[in-house]
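Trainee: Listed in order, the protein sequences are those of chains A and B. Every letter in the first sequence is one number past the one before it in numbering that gives the first Met the number 0, and letter 115, counting from 1, is 114. Every letter in the second sequence is one number past the one before it in numbering that gives the first Met the number 0, and letter 10, counting from 1, is 9.
One thing to keep in mind: the hints can contain errors.
Which copy? The list can't say, so a pair holds if one copy fits it or any two copies do.
Listed below are the simulated SDA-like cross-link pairs for lysine to any residue, each with C-alpha atoms no more than 25 Å apart in a straight line [as the list claims (entries may be wrong)]:
id: 1; residue 1: K27; residue 2: H234
id: 2; residue 1: K211; residue 2: P30
id: 3; residue 1: K27; residue 2: R150
id: 4; residue 1: K151; residue 2: V23
id: 5; residue 1: K151; residue 2: L41
Honestly, the hints are just simulated from the structure, not real lab data.
2 protein chains.
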Amino acid sequence: MIMNMKISDLGEFGLIDRIGRTAVRSTKRAPIGIGDDAAALLLSPSAALLATTDMLIEGVHFDLKTTDLYSLGWKAAAANLSDIAAMGGMPRFCLTALGIPSSLTVEQIDEFYLGLSDCIRKQRTVLVGGDTCASRKDFVISVTVLGEADRKRVITRAGARPGDLIYVTGTLGDSAAGLELLKAGVRSRKPGVRRLIERHLRPTPRVAEGRKLALSGLASAMIDVSDGLSSDLGHLCVQSRAGAEVYADRIPFSNELTSIKGLEQQPFEYALSGGEDYELLFTSPVEREREVMSLRIRATVIGAVTRRMGMRMVTEKGEIRPMAPAGYDHFRSGRGRGSSR
Amino acid sequence: MIMNMKISDLGEFGLIDRIGRTAVRSTKRAPIGIGDDAAALLLSPSAALLATTDMLIEGVHFDLKTTDLYSLGWKAAAANLSDIAAMGGMPRFCLTALGIPSSLTVEQIDEFYLGLSDCIRKQRTVLVGGDTCASRKDFVISVTVLGEADRKRVITRAGARPGDLIYVTGTLGDSAAGLELLKAGVRSRKPGVRRLIERHLRPTPRVAEGRKLALSGLASAMIDVSDGLSSDLGHLCVQSRAGAEVYADRIPFSNELTSIKGLEQQPFEYALSGGEDYELLFTSPVEREREVMSLRIRATVIGAVTRRMGMRMVTEKGEIRPMAPAGYDHFRSGRGRGSSR
Numbered sequence: 000m001i002m003n004m005k006i007s008d009l010g011e012f013g014l015i016d017r018i019g020r021t022a023v024r025s026t027k028r029a030p031i032g033i034g035d036d037a038a039a040l041l042l043s044p045s046a047a048l049l050a051t052t053d054m055l056i057e058g059v060h061f062d063l064k065t066t067d068l069y070s071l072g073w074k075a076a077a078a079n080l081s082d083i084a085a086m087g088g089m090p091r092f093c094l095t096a097l098g099i100p101s102s103l104t105v106e107q108i109d110e111f112y113l114g115l116s117d118c119i120r121k122q123r124t125v126l127v128g129g130d131t132c133a134s135r136k137d138f139v140i141s142v143t144v145l146g147e148a149d150r151k152r153v154i155t156r157a158g159a160r161p162g163d164l165i166y167v168t169g170t171l172g173d174s175a176a177g178l179e180l181l182k183a184g185v186r187s188r189k190p191g192v193r194r195l196i197e198r199h200l201r202p203t204p205r206v207a208e209g210r211k212l213a214l215s216g217l218a219s220a221m222i223d224v225s226d227g228l229s230s231d232l233g234h235l236c237v238q239s240r241a242g243a244e245v246y247a248d249r250i251p252f253s254n255e256l257t258s259i260k261g262l263e264q265q266p267f268e269y270a271l272s273g274g275e276d277y278e279l280l281f282t283s284p285v286e287r288e289r290e291v292m293s294l295r296i297r298a299t300v301i302g303a304v305t306r307r308m309g310m311r312m313v314t315e316k317g318e319i320r321p322m323a324p325a326g327y328d329h330f331r332s333g334r335g336r337g338s339s340r
Numbered sequence: 000m001i002m003n004m005k006i007s008d009l010g011e012f013g014l015i016d017r018i019g020r021t022a023v024r025s026t027k028r029a030p031i032g033i034g035d036d037a038a039a040l041l042l043s044p045s046a047a048l049l050a051t052t053d054m055l056i057e058g059v060h061f062d063l064k065t066t067d068l069y070s071l072g073w074k075a076a077a078a079n080l081s082d083i084a085a086m087g088g089m090p091r092f093c094l095t096a097l098g099i100p101s102s103l104t105v106e107q108i109d110e111f112y113l114g115l116s117d118c119i120r121k122q123r124t125v126l127v128g129g130d131t132c133a134s135r136k137d138f139v140i141s142v143t144v145l146g147e148a149d150r151k152r153v154i155t156r157a158g159a160r161p162g163d164l165i166y167v168t169g170t171l172g173d174s175a176a177g178l179e180l181l182k183a184g185v186r187s188r189k190p191g192v193r194r195l196i197e198r199h200l201r202p203t204p205r206v207a208e209g210r211k212l213a214l215s216g217l218a219s220a221m222i223d224v225s226d227g228l229s230s231d232l233g234h235l236c237v238q239s240r241a242g243a244e245v246y247a248d249r250i251p252f253s254n255e256l257t258s259i260k261g262l263e264q265q266p267f268e269y270a271l272s273g274g275e276d277y278e279l280l281f282t283s284p285v286e287r288e289r290e291v292m293s294l295r296i297r298a299t300v301i302g303a304v305t306r307r308m309g310m311r312m313v314t315e316k317g318e319i320r321p322m323a324p325a326g327y328d329h330f331r332s333g334r335g336r337g338s339s340r
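Assemble the whole structure, with the sequences as input and the hints as a guide.
Mentor: Laid out in C-alpha cells, this is it:
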C-alpha cells in the first residue's frame with residue numbers, strides 16, 4: 000500500500016472510483032446509487048421525504064489541528080442525521096460534495112469517508128452519491144441527508160403551546176467543553192477528558208429518540224441543539240410564537256463536565272452558548288409527562304413554554320433573568336447576538 | 000435601499016431570513032420548506048426519488064471576473080437540473096449551501112439567489128432549504144436538486160446496446176468558446192459573441208427533452224454533456240460496456256460557433272473537450288430513429304454504439320482515429336487523461 004498518496008496521482012475519476020467503494024451502486028432501496036447523473040431512490044409510498052444539507056469549511060467549522068479526518072467525516076454526517084432526527088424521521092440516504100485542497104492525501108480522504116460511513120451505517124443510512132472537486136485552499140464539505148417520516152408524524156419547531164414542558168435528551172455542554180480542551184492542547188488520558196473530547200469530535204445523533212417521539216405523538220415541537228440551548232430554544236419559541244422559562248438547576252450535565260477542573264466557564268455557560276451537542280430539545284403537554292418518561296429516551300424536563308414571549312432563566316435562587324440567544328453567528332465577530340432579536 | 004450592505008451588518012440569521020424570501024415556507028408539495036431542521040416534501044407515491052449534488056468553488060469552477068452573480072446562481076442550479084434531466088426526471092426541489100467570504104455584499108448574494116430562482120422556477124422547482132456560513136477566502140456553492148421519475152422510466156448511463164444510434168440535443172462547443180471569449184475580455188455587442196457567452200454563463204438544462212425521452216421509452220442510455228463530449232460519451236460507454244464511433248461531420252455546431260472569427264480552436268475541439276454545454280447525450284435503437292425525430296426535441300445523430308470497446312472518431316475524409324476522454328480532471332494539471340483509462 001502506498002502511503003501519503005497524492006490525490007493528483009489518482010486523478011478525479013480515480014478518486015471517485017475509490018469513494019465509490021464506500022457507497023452503494025445498487026440496492027433495493029437505492030436501485031441507482033453512485034455512478035450515474037443522479038441517484039434513484041425509493042421511499043415508502045406514504046412517507047414524506049425529509050431533506051437537509053450542511054456545509055463545513057476548514058478554518059470556520061473545523062481546524063485540522065484539533066480534529067482527525069475520521070472524526071470530521073463522522074461529525075459532518077452526524078450534524079445532518081441530527082436534523083432528520085429532529086423532525087422525527089428516519090435517515091435513509093446521504094450525498095457528499097467535497098472540495099479538496101492539494102495538501103490532503105488520499106489516505107486522509109479515505110479516513111474521512113471511513114468516519115462518515117461508520118456514522119451513517121449505525122443509522123441504517125447509505126451513501127448514494129456526491130461530487131468531488133479541487134479547492135484552492137480550504138477543505139470544504141457539504142453533506143446532504145435524505146430521510147423519511149410518516150406524513151402525519153413530522154415534528155416541526157412550530158407546535159409548542161404555552162404550558163408544555165421543555166425537555167432535552169442526554170446532557171448539554173460536553174461538546175463545547177471538549178473543544179476547549181482540544182484547543183488548549185490537553186492530551187490527558189483521563190477518561191473524563193477523553194469523553195468530553197469524544198463528545199465534541201464524534202457526537203451521537205439522537206435518531207432513535209426522535210423516532211420514538213414521532214411514533215408516540217408526544218412531542219409538540221422539536222429542534223436539535225446545534226447552536227447552543229439559548230439559540231436553539233430561541234428558534235423553537237419564535238416559530239411556535241411563544242416564550243420559555245428554563246430552570247437553571249434542571250439543565251442536565253454529565254459527570255465529566257461537572258467534575259473536570261480547569262475549565263474556563265461554568266457548565267451552564269457551555270450548555271447555553273456552546274452548541275454542537277446534537278441532543279434533541281422538544282416540548283410536550285404537561286399532562287403527558289409520564290408517557291414521555293415511559294419512552295425510556297433519557298430526557299430531562301428543563302423548563303416550560305410560556306404565553307409571554309422571550310426566554311427567561313430561573314436561577315437556583317429563584318431569580319428570573321432574561322435569556323438571550325447566544326449561539327455562534329457566522330457573519331459577526333465573536334459570539335452572541337445580544338438582545339438585537 | 001442600502002447599497003453594498005455588508006453581510007456582517009445583517010448577521011447569519013438576518014441573511015437566512017433574507018434568503019428565505021426566495022424560498023418556500025409551506026406549499027402543497029413542500030408542506031415544510033425553509034426554516035426548520037429539515038424540509039418535509041411530498042412526491043408522487045409511485046415515483047422514484049432522484050437526487051444529485053454539485054459543488055462549485057471560486058477559483059476552480061468560476062472566476063468572479065468573468066461571471067456576474069446572477070449568472071453564477073443560474074448556472075449552479077442549471078448544472079443540477081441537467082443531472083435530473085439526464086435521468087429522464089422532473090426536478091422538484093432545490094437546497095443550497097453557501098460558504099460566503101466577507102468580500103461579498105448582501106446585494107451580490109441577492110443577485111445569486113435571483114439567478115438561481117429564475118433558473119429553477121422555469122423548471123417548476125422550488126427552493127426548500129439550505130445552509131449559510133462564512134468562508135475565509137473562496138465563495139463556495141453547493142446545490143442539491145431532488146426530483147422524481149416514474150420508477151420504471153429512469154434512464155441510466157448503462158443501457159446502450161451495440162448498434163444503437165448516438166444522439167445529442169442542441170449544439171456543442173458554444174459554452175467553451177464563450178468562456179474563451181470571456182477570458183480574453185471580448186466585450187463585443189455582436190449578437191453571435193453575446194450568444195456564445197450567454198450559453199456559457201446561463202445554460203439551459205434540457206429538462207423537457209429528457210422528460211419526453213423518458214415518457215416515450217426511446218432512450219436506452221443518457222448522460223448530460225458537462226465535461227465535454229469525449230469524456231461524457233466515455234462514461235456512457237464504460238457503464239454500458241460498449242464502445243462508440245462518432246462521425247466528426249455530424250456533430251452539431253451553432254452558426255455562432257462556426258462563423259465567429261478569432262477563436263483559438265476548431266469547433267469540434269470545443270465540443271470534444273470543452274464541457275458545460277449541458278446538452279443531453281443519449282442512445283436509442285436504430286429502428287426507432289423516426290420515432291425519436293417525431294418527439295421534436297432537436298436531436299442530432301452523431302454516431303453509433305459499437306461492440307468493440309473504446310471510442311473512435313470517423314473524420315470527414317473517412318479516417319478512423321482513436322478518441323480519448325479529454326475532459327477536465329480536477330486533480331491533474333492541465334487537461335486530458337490521455338489513454339490511461
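Trainee: Taking each numbered hint in turn, which are not upheld by the structure, reported in ascending numerical order?
Mentor: none
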